[in-house]
Amino acid sequence: MKSILRFREFWLAAIVVVMVIATNLRAPGFAAPDKLAGIFNDTAMLMILALGQMAVILTRSIDLSMASNLALTGMIVALINAAFPGIPIPALMLFACLCGLALGAFNGVLIWLLNIPAIVVTLGTLTIYRGIIFLIAGGQWVNADKLSPAFVQYTRIEFLGLPALSWYAIVVAIAFFILMTRTSLGRAIYAVGVNPTASVYAGIDVGRTKFATFLISGLLSGFCGYLWVSRYVIGSVEVAKGYELTIIAACVIGGISISGGVGTVAGALLGALFLGVINSALPVINVSPFWQMAISGAAIILAVVLNARGEKRGSRLILREAEATS
Amino acid sequence: MTLPQRKPESMPASSTPKITLSGITKTFPGVRALNKVALELYPGQVTALIGENGAGKSTLVKTMTGIYQPDEGEIRINGELVTLSSPHAAFKLGITAIHQETVLFDELSVAENIYLGHAPKTRFKTLDWGLMREKSRKLLTEIGAGHIAPETRLKDLSIANKHLVAVARALSIDADVVIMDEPTAALSYKEIQDLFELMELLKKSGKAILFISHKFDEIYRIADRYTVFRDGEMVGNGLIADTTQDTIVRMMVGRSVDQVFPKQETTLGETVLTVSGYCHPTEFADINFKLRKGEILGFYGLVGAGRSELMQALIGITKPSKGAVRIGDDIAVIRSPAAAIENGIVYVPEERGKQGVVVDMPIVQNISLPSLRRTSKNGFLRLAEEFALAREYATRLDLRAASLSQNAGTLSGGNQQKVVIAKWLATKPRVIILDEPTKGIDIGSKAAVHAFMSELASQGLAVIMVSSELPEVMGMSDRIIVMREGRIVTTIEKNDGFNAETLVRAAAGIGETAA
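So the protein lines, in turn, are chains A and B.
Numbering that gives the first Met the number 0 applies: residue 0 is where the first sequence begins, and numbers increase by one.
Numbering that gives the first Met the number 0 applies: residue 0 is where the second sequence begins, and numbers increase by one.
Because the hints were derived from the structure by calculation, they are not lab data.
Every residue, glycine too, gets a C-beta built ideally from N, C-alpha and C.
The following label-pair restraints were derived from C-beta to C-beta distances: (1) Ser85(B) - Arg25(A): 46 to 56 Å; (2) Pro84(A) - Phe379(B): 33 to 43 Å; (3) Ser404(B) - Val17(A): 27 to 37 Å; (4) Val283(A) - Ala338(B): 58 to 68 Å; (5) Lys427(B) - Val17(A): 49 to 59 Å; (6) Ser258(A) - Glu150(B): 33 to 43 Å; (7) Asn285(A) - Ser404(B): 45 to 55 Å; (8) Ser404(B) - Ile127(A): 42 to 52 Å; (9) Ile158(B) - Ile257(A): 31 to 41 Å; (10) Gln68(B) - Val283(A): 56 to 66 Å; (11) Phe379(B) - Asp33(A): 33 to 43 Å; (12) Val119(A) - Arg152(B): 18 to 28 Å; (13) Ser85(B) - Val304(A): 23 to 33 Å; (14) Ala293(A) - Leu126(B): 33 to 43 Å.
Quick list of in silico lysine to any residue cross-link-like pairs, SDA-like style, CA-CA up to 25 Å: (15) Lys376(B) - Gly206(A); (16) Lys61(B) - Pro16(B); (17) Lys154(B) - Leu113(A); (18) Lys376(B) - Ala172(A); (19) Lys292(B) - Ser457(B); (20) Lys61(B) - Glu232(B); (21) Lys189(B) - Gly43(B); (22) Lys427(B) - Leu184(A); (23) Lys427(B) - Ser183(A); (24) Lys376(B) - Ser183(A); (25) Lys91(B) - Ile142(B); (26) Lys318(B) - Val108(A); (27) Lys292(B) - Arg325(B); (28) Lys91(B) - Ala174(B); (29) Lys292(B) - Ala447(B); (30) Lys376(B) - Ile173(A); (31) Lys289(B) - Arg478(B); (32) Lys376(B) - Thr182(A); (33) Lys427(B) - Ser335(B); (34) Lys427(B) - Pro195(A); (35) Lys427(B) - Leu290(B); (36) Lys427(B) - Gln311(B); (37) Lys427(B) - Arg181(A); (38) Lys154(B) - Ile115(A); (39) Lys34(A) - Val283(A); (40) Lys376(B) - Leu184(A).
The whole structure should be built from the sequences, with the hints applied where relevant.
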């Protein structure tokens, strides 16, 4: 079984590589190391967000409010920076994380204690959080001339040839890998997703586990709120509008099952990279943006079909073994 | 109160059966659910289908309603050979079933439920709502359910009223064969009496009724004929008037208790669990019992007697309304399964797939799941310890697997059951509750589970075994508590001798309310 799971991520990685090579044939230079590093950097935030979404989806929930959380937190830290440029940026980053965490906790509490379906709660907070941006910013934009140079630099400083933004994604990915495979919370997240009833009997608090995943997705959304404003040097109501669907798309392409319990860190990262490569490759080979949307959509459906087939093969295997032993 | 009758006023207790099943065999991988069984239903009569759990009653109902196809045998309606290739085919031939949980649509109106699939249409092939409501109202009035408005959403009705809607539906399609699968299980006394009145009406209108129930007083109240199943075979049938309850009970349990149950004699130790005055608002009341070290305490009863519900309250899944639980001498407050595990009480649930094994997880992770607090430190897993724990219990239980890293879903049923038991033993419990521990597993694995249960008791664990299988409960228990309708009706010590008929009588309530 494990080899089949590896297989899925292997195939996704292979497809990403093939896409890079094919694009390189049409547009030589596309696969140059600095270009690839650029694509990775462009995808960094999507990877971080997809990991947060993965934790939520694994427990059979969904977080539609991530992009709004990101935009709201981004606006808050942008306004703070504009008003008090003296506050050190690491403190501001920490604050962004806490702010996102609080917004995630609001989702989580409603889902855990009031037992409202996640899709309903986060559909509500998706609008609420974005509405608050308008209230606190009065419809204003926060742009380059209002932000401090340090605020903008903290995603750009290079270290070992990679911009800081890329390193943040790498650190989050490693932390996430440890979380999912080496902690009891990670174990609980998978158990709740695969079999909630059995988890209850095993003494796992299903509601609290879901709450924890919303804290995680909130925290990462908040962190990306800072990253987004710093990278694109803009804070506005429109920031990352509709991006929640891109995040979910990355997860689905990465093989994270919407019905919960199945998915890996590598899958989420590859799903994000897949979208990142498509977005960079298609303009290079002169494909219209409308085709980009169609191709992303086709990739999602294809991923779901392939995953469904993979699961079917699993069940046949069970039958054969059951027959052999009975 | 009159019913749409085709043969008015004739009491058609004829001697020609409406539907005849003969030589019906149905096999599932590894199990022969039905072995050449026969059943006849007569118009204007109620035939009771009686048998223990697993006797094949549900399989037969599913065969009659076109859900299962028999491997062998034939079904005749009015003497004509028919094939029930689908539920729709059965429905067209006038066979309808009213189940324990009525198979109706909560979100639709009463009228829609009655006429779904055969609704009256207008000239333009659209639904004729007016006519549908009118006909529904008429039908409901005829069966004495005029108080139910056809426009009501089904979910706003009580269970008894839902049954009335199901009956109206049966009448609306002019079904000649009505199957009632434990229709009284969830009803109050008054509602049951109303249902019987309704059944009398159905009888008068010439319907052939199959009535499945575990309750003898009901069977004797309403049925004209009986058919007894045991282990997938038809062991007897005839007229109720010509038989006694004792005869039927003997047919039901007739199987000799010849399976080997390796219960070792153990000296019982001190009391580990005391449950006193335990009540639940709806599921059980006045539960008092003690459990001693080394003891296997059997809980016998019919399905729905409240045994599983009691066990789930003990481990904190549901909240009791009153009562106390003591572990040793200390009062234990158990509000969650995690607290139960910490107090040393574990529950191995009945439905292995849904409640026990996490199929998409490796065996190791399945076994360590309830012990995560012990195999982790500050939230971080200690994989080596986890693996050692899993290895230890897999070896003790003789778990057959190529590798402990393989997914639990790839194991056979018996080995999956061992994974479930291993995971609970790994928590080092003092009290282990096994709910139907051998349901649906093969004989070899059954023996292994029994042997192991006995070994656990001899090692000083206190075992509660909820079982509906008489040979198992009689072979394994040191003491048997029989529950009926949420209460303990009797407690029998092994020294006083277990008697299958006594148990069945106590569980079914024979001799208390019987006519």
